[in-house]
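Novice: Chain residues, written in single-letter form:
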Amino acid sequence: MSTTQDPPRDPMARPARLMKRYEPILAILLAAAMITAAILAPWLRFVLTIALAKGIAVLGILLLLRAGQVSFGHAIYIAFGAYVVAFLAPTVNDAALLLALAAVGAGLLGLVIGAFVTRYRQIFFGMLNLAMSMVFYSLLEKLYAITKGSDGIRVEIMPIAGQALDRVAYEWVIFGIALGIALVVAILLRLYLSSPMGEALAGIKTRETRLEFMGVPARGVLLSAYVMSAVVGGIGGALIALTSRHVTPQLAYWTSSGELVFIAILGGAGGVLGPFLGAATYELVRIYAAASFADAWQMILGAVLLLVILFAPGGLWGMAARAIGGRGR
Amino acid sequence: MTTALTRREALTAGFGTVLLPATLSAQPAQKPAEFKIGVTTFLSGPASVFGVPSRKACEMLVEHINAAGGIAGVPVRPIFVDEGPGTDHLVGEFRRLVQSEGVQVMMSAISSGSCLACTPLATELKKVTILWDCGTQRIFEEAHYDYAFRTQGYGTSEILAPLLYLLKTKPNIRTVAVINQDYAWGRDSWELWKAGMDALKPGVRVVAEMFPRFGSTDFSTEITRLLALRPDVVLSTSWGGELVTLIRQSTERRLHERTTFVLPVAEASMQILGRTMPEGHVIGTRGDHWNNHPAPKDPALFNKFVGDYRQKFNEYPIYPCHHIAQALWALKAATEKAVAAKNGAWPSDAELAGAFRGLTFPTPTSTITLREDGQGLEDQIVGLSSFNDRFPFAVPKEMMLYPGAQVSAPVGQKSTDWLKSLKPDFVTTAGRSI
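First to last, the protein sequences are chains A and B. Position 63 (the first sequence) corresponds to 63 in the working numbering; numbering is contiguous. Position 131 (the second sequence) corresponds to 131 in the working numbering; numbering is contiguous.
Derived from the structure by calculation, the hints contain no laboratory data. Ideal Cβ positions, reconstructed from N, Cα and C, are used throughout, including at glycine. Possibly wrong hints are sitting among the right ones.
[Claimed, not checked] Straight-line alpha carbon distances no greater than 30 Å define the calculated DSS-like cross-link-like pairs of lysine-lysine that follow: (1) B:Lys423 with B:Lys201; (2) B:Lys414 with A:Lys142; (3) A:Lys142 with B:Lys420; (4) B:Lys297 with B:Lys312; (5) B:Lys170 with B:Lys423; (6) B:Lys56 with B:Lys337; (7) B:Lys201 with A:Lys142; (8) B:Lys168 with B:Lys56; (9) B:Lys332 with B:Lys126.
[Unchecked claim] A short, non-exhaustive set of chain A residues, derived as facing chain B with CB atoms under 10 Å: (10) Arg119; (11) Ala145; (12) Gly149; (13) Ile157; (14) Thr243.
When you get a sec, could you build the whole thing from the sequences and use the hints?
Specialist: Below, the structure written as structure tokens:
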């Protein structure tokens, strides 16, 4: 079927290639804008740290989107990372160490869950992930004696890499760490996506059988991407816990997973900057909508997503691509 | 809305404008042009049954206060924030209100989770925070806060009062079942009840502990089990739509005829239930502000508040309306106290917080004292559901009033430990009928 349907040429190919070149510059500009905003407005520092954390987590969604798979349950890794921080903070008491532990823990959880969800594709993949995250959510609520249920667990300010800090310094350092991790993870994933393993993800989307004919194990490719997405989810979750410093089961609820997919669509799946554009926009739109219309902010958020879907199917990233190189299209 | 313009200006100006208010807190306190208060409440989600009426009550009361010259001569402007989206969003909004909008006092929150997340911020940002509706006992029992005060009762007194009432009016109960929502309040309230019951009447058997999913719409399984078990008492601290559904489904199957319900949070659902609420069951209101309070301290003020609310919104106020009103009255009393202490000068955040500690402020029904740990002592009135020709919904009769100090754990003691130390004769000595 696909032979007759093959588009002659992807109209976005040229802008996409151009974007690749501009990506590092755009990344630096975005980072600079975030730092400026964080200096100017202390409360935005908090919002932007959360945005960065979510952006990091959404990078995982982006990996899976490359393979044509949508996970409706990726909040499980965010929540897992956050609860690793909440549970181990009293004993470990070092943010840097906790971040590493959350990443490893989420990776292991991703390996276990990924081992069977990667047998499935499309809606089954999405729904199984959703089921997993809701099981985790229910556990967090049910094991009340351990997790303190919906009231959640408080995370105190802790030393970072052995350095005890006061509140403002702590918030700055976490912001810096989030920005640093975002850059590093984005670069690594960019390399990964242009590697054979990463290109094979696109193969899963178009024609999985062909991959197998080429001798590439599709499940292995998807599983490795899945584990990576779990790791970045865990990092994102740990950063959220270190920033909001109060962890509740809400993080694992399906609406949180939906939020990640929302951000991925808003930002666009074309490049690794997309999730960060999406996350920053999402958080800022939500904050400003909530500030101006306390009881209608959901509608505004929904309207923004609808507009993006209708007029910019490639998300904000696609819009940027068209603005930069799309004239000749 | 007269406030929309300034807000929109601030928003369109974008990031630049937030610089200015951020530095305000460092300056010596000057008498502000308006008294901004940040109010977190549920505007979306199931708990908006509490959030929306409380916002309406807050707006109404602020109008009255401003018409009478404001608080210490300064008009009040409340800024509302939705608790619905969860903790991340709320703590972000808390910071925005304090650091960008420059609110001088925060009023937070309905959900205990929100309170637990926001209260430490009060200390960090050094902003007076009034906990206006959340009930968790964990707040002041697990930590000490210099800037946080709860201007109403809390879980311990709100559970202990109905328990005492039940044991006094039905001393011969032998079996109890619980059906609570499966989240923190449902679990906490049961723990408090169990600790108190085991101390006050040892030997009562718990025949079922049921925690249906939060947001359940069908309780048929639980009701079948309760019909089979025939407990003397069914406790439920559920609220909102779930309580309404539970009562409706139970009465359809006549569960209420063979068992006594104890519903400590019933008041907010009585108007919706109307005549479907069965008579003769123990109902509470998380305080003493029943619409048929037989002897409020200031009847004129009480009737004015209820009457104005009814006239404006065509419904009776429910307990969160009274709780937000208590927060505003406390704010008024504390601010005026602090201003008077400085001979008319405007107090700093620390001075305002100092005025709250130990404050006794009047409410239409009684007075509330904020203890040294920040916890308010609010009287509790419990009664049996009944109907009269004044109200189209159930109100209590044979009411008992339990003074706040009597049914709250002493400062520095954990609620469950204190409840376990109670003696059975406390049932006969506690409270008085009104």
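Novice: Next step is simple, just say for each hint if it's right about the structure.
Specialist: Evaluated hints:
no., hint, result
1, B:Lys423 with B:Lys201, "9 Å, holds"
2, B:Lys414 with A:Lys142, "23 Å, holds"
3, A:Lys142 with B:Lys420, "25 Å, holds"
4, B:Lys297 with B:Lys312, "24 Å, holds"
5, B:Lys170 with B:Lys423, "17 Å, holds"
6, B:Lys56 with B:Lys337, "27 Å, holds"
7, B:Lys201 with A:Lys142, "28 Å, holds"
8, B:Lys168 with B:Lys56, "37 Å, violated"
9, B:Lys332 with B:Lys126, "19 Å, holds"
10, Arg119, "29 Å, violated"
11, Ala145, "9 Å, holds"
12, Gly149, "4 Å, holds"
13, Ile157, "8 Å, holds"
14, Thr243, "8 Å, holds"
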